[in-house]
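Number of protein chains: 2
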Amino acid sequence: MRISTLSVGDELICGQVTDTNAGTIAARLLEDGLRVQRHLVVGDNEADIISALTELGRISDAIIVTGGLGPTVDDLTSRAAARATGRRLVIHEEARNHARTMSSKLENLIVCPLNDKQAMIPTKSALIPNPNGTACGFHLMHNGSFMFFLPGVPAEMIVMLRETVIPFVLSRVPSKRVIRTVSLNLFGPCEAEVDEMLLGIARPEQGLTLGICVTFPRIKVTLRAEAATDDGATDLLVPAVRVMRERLKEYCYSSGDVSMEDTVAELFRERCLMLSLAESCSGGLIAKRITDIPGSSRYFCEGLVTYSNHAKKRLLGVSDEVLNTFGAVSSECASAMAKGVRLASDSDLGLAVTGIAGPDGGSEDKPAGTVYISLAAPDGCWTKRFQFNGNRDEVRVLTTWTALDWLRRYLLKRE
Amino acid sequence: MRISTLSVGDELICGQVTDTNAGTIAARLLEDGLRVQRHLVVGDNEADIISALTELGRISDAIIVTGGLGPTVDDLTSRAAARATGRRLVIHEEARNHARTMSSKLENLIVCPLNDKQAMIPTKSALIPNPNGTACGFHLMHNGSFMFFLPGVPAEMIVMLRETVIPFVLSRVPSKRVIRTVSLNLFGPCEAEVDEMLLGIARPEQGLTLGICVTFPRIKVTLRAEAATDDGATDLLVPAVRVMRERLKEYCYSSGDVSMEDTVAELFRERCLMLSLAESCSGGLIAKRITDIPGSSRYFCEGLVTYSNHAKKRLLGVSDEVLNTFGAVSSECASAMAKGVRLASDSDLGLAVTGIAGPDGGSEDKPAGTVYISLAAPDGCWTKRFQFNGNRDEVRVLTTWTALDWLRRYLLKRE
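Same order as they appear, the protein sequences are chains A and B.
Numbering-wise (the working numbering), the first sequence opens with residue -6 and increments by one.
Numbering-wise (the working numbering), the second sequence opens with residue -6 and increments by one.
Do not take every clue at face value.
Given that identical chains are not distinguished, each listed pair holds provided it fits within a single copy or across any two copies.
Restricting the straight-line Cα-Cα distance to at most 35 Å, the calculated cross-link-like pairs of lysine-lysine (DSBU-like) are [stated by the list, open to error]:
(1) K242 with K406
(2) K110 with K213
(3) K306 with K377
(4) K306 with K359
(5) K306 with K406
(6) K306 with K332
(7) K117 with K332
(8) K406 with K213
(9) K213 with K359
(10) K377 with K242
Calculated from the structure, these hints are not laboratory results.
Generate coordinates for the entire structure from the input sequences, incorporating the hints supplied.
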């Protein structure tokens, strides 16, 4: 089945807002073995929408359109859909009732006459319910193509895609192949190293393919098995995943959509340990990521962003001697910070980072990107020097990832 | 001039990576008064690239293609370009020398035979120099359309766009109109309020247009003047910007690309004041944003992420009485935290936040999204309760923005 997406919006075509709907739709469809062939983006211009629908219609069995269903005058998709398919635009009672009910439910919204515009849909179309917003979607069939029209708001769109569009499309796919995928998330090795570690795992001729996707600084590897039956796909996938996991070992921190933060949180909860942080160059970003997880107060005690030497002395008990002899960016300072925060906060683990995020502040010995990370625990204190490449933001991100990954590896080793 | 963009890549069409090149190109072209009419995305598939070029060629005077110029077998753009335009693919000596020189310059890269593939370009094309990478771009003219081919790496693409593509396109625009824009960044009012405040400022019939773009939680308004001459555009723009600034008043925190963090940093530097933070529900995100700015150590002393009550008592001196009588999420606790961190760190300003980021932890009195922000300064201490709507992440982002905006407003009032 040949599928295209069309995103409509001046803010998209002008580059003010990045279109994420097309990617979300493609990724979601791929889970069901459906591939999008092209994405098209046009502005809020009736002629452009009409010609886009016409062109895509010629080469697609299904077109998923997002955007331009809103109540304001620059929302033109319904009218363009009617023109492009030779239909009239009529008020749909059910859509009108929905828009009115939803408007009165949503706070800060007044039911205004404009909302009736959202109830105008082309004749010979079926409604697509929108549980999260005022504008219903609709779908129709024209010259052999199914056309689906959804609002551009991602949270509304995704539900309508999942609940109506995908089941409808799947029901029309003649000989469905079963597709099973497993994704693993890695931190540490570079793409070329992952490529080498996974050599020979993919067997495309048997329907087993491998994708490697780098989203700085992590790598996602996805193994995808395609077969005639559910059992066939599983038989293909399971042994390959086992081999993949063995080869990737501790580089793999999670599977699917589980984040590094989630993994670390889960380990802390299981081990009933309390954490405190002392951050210098990462400026609070580690604490921010730890507390991204609801319920983090169960294992996170406190985080000290000790930017100044004064704060390192006052809050962490780092001595003048360490600061004067070795400097604030040193192995000695990092371990003093980690031990200091562990002791002062009475936590099980104290993690500290100190470094030079750049662009200024580096020296020949310690250029920008030099970072010391230290972990103080009941069974010892470990400190390591890292040299990260990149701009200020990248150095801070790498520092944070490395620190979280270190916590993960330490916690994994404890029973 | 009708302009289209084409982004090529399996990772884009599958939704693994969001295409940002198309938006970057459109936004950059718009600064010079050139509008993109459509964006198209296709995968690494020769037939799809050829048909995309053919279709876009029919409706565009210029096509800017990104992606698929790399050294690996799935980079097919050059070959597709040659086929689509009836040219042969030949090794271009200058491109080959460039690829070799760059490869040896870039670390961790070995000159391999594959790189010669990057030097294969269609006949009757002109090179587009790439100062930041191995693959040169090229451009050619086919059936009345200019086609530009650039690598997909954003940092390489943008330089080639700016230095070669845009000057070339502008030299071919017959009667160039002068365009001047001014953008202001706002925090606080909603889109409808901004709309009302700016009523009547745009005069499209005279060439003065207004765009409002919401990027949660800030709003960017852009005024754009188009005229035959430089003076004409300036005369149109300057008085309108003055009126706009007067109406928006203190909601406007910066213009152009200056961030809220930059604005606050600049004010701190000018006033020679030192800041310390005590964060609960924002979990270090305020400290992170303050320290995003290089040189922030000049005005940022320390940040305490006091997640537990124990930490609030130990580090900030919040009394048991306050915690037991009013709770950790209260006006009393927030002001005790702000005063506590100001005193303990010996800073000029102490800013504190405490609240319920959610989704759990709320009560009828204090539902999720309840946040207290307090600012302790030499001339007083102010505390305010906010009720933010949204999920955990949104509540934390709004808390951070509101806190930074409060610092900005306070600093503006001090001479």
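Status of each hint after checking the structure:
no. : hint           : in the structure
1   : K242 with K406 : within (13 Å within a copy, 57 Å between copies)
2   : K110 with K213 : between (43 Å within a copy, 27 Å between copies)
3   : K306 with K377 : both (21 Å within a copy, 32 Å between copies)
4   : K306 with K359 : within (22 Å within a copy, 37 Å between copies)
5   : K306 with K406 : both (32 Å within a copy, 33 Å between copies)
6   : K306 with K332 : both (13 Å within a copy, 21 Å between copies)
7   : K117 with K332 : neither (71 Å within a copy, 66 Å between copies)
8   : K406 with K213 : within (24 Å within a copy, 49 Å between copies)
9   : K213 with K359 : within (32 Å within a copy, 40 Å between copies)
10  : K377 with K242 : within (22 Å within a copy, 50 Å between copies)
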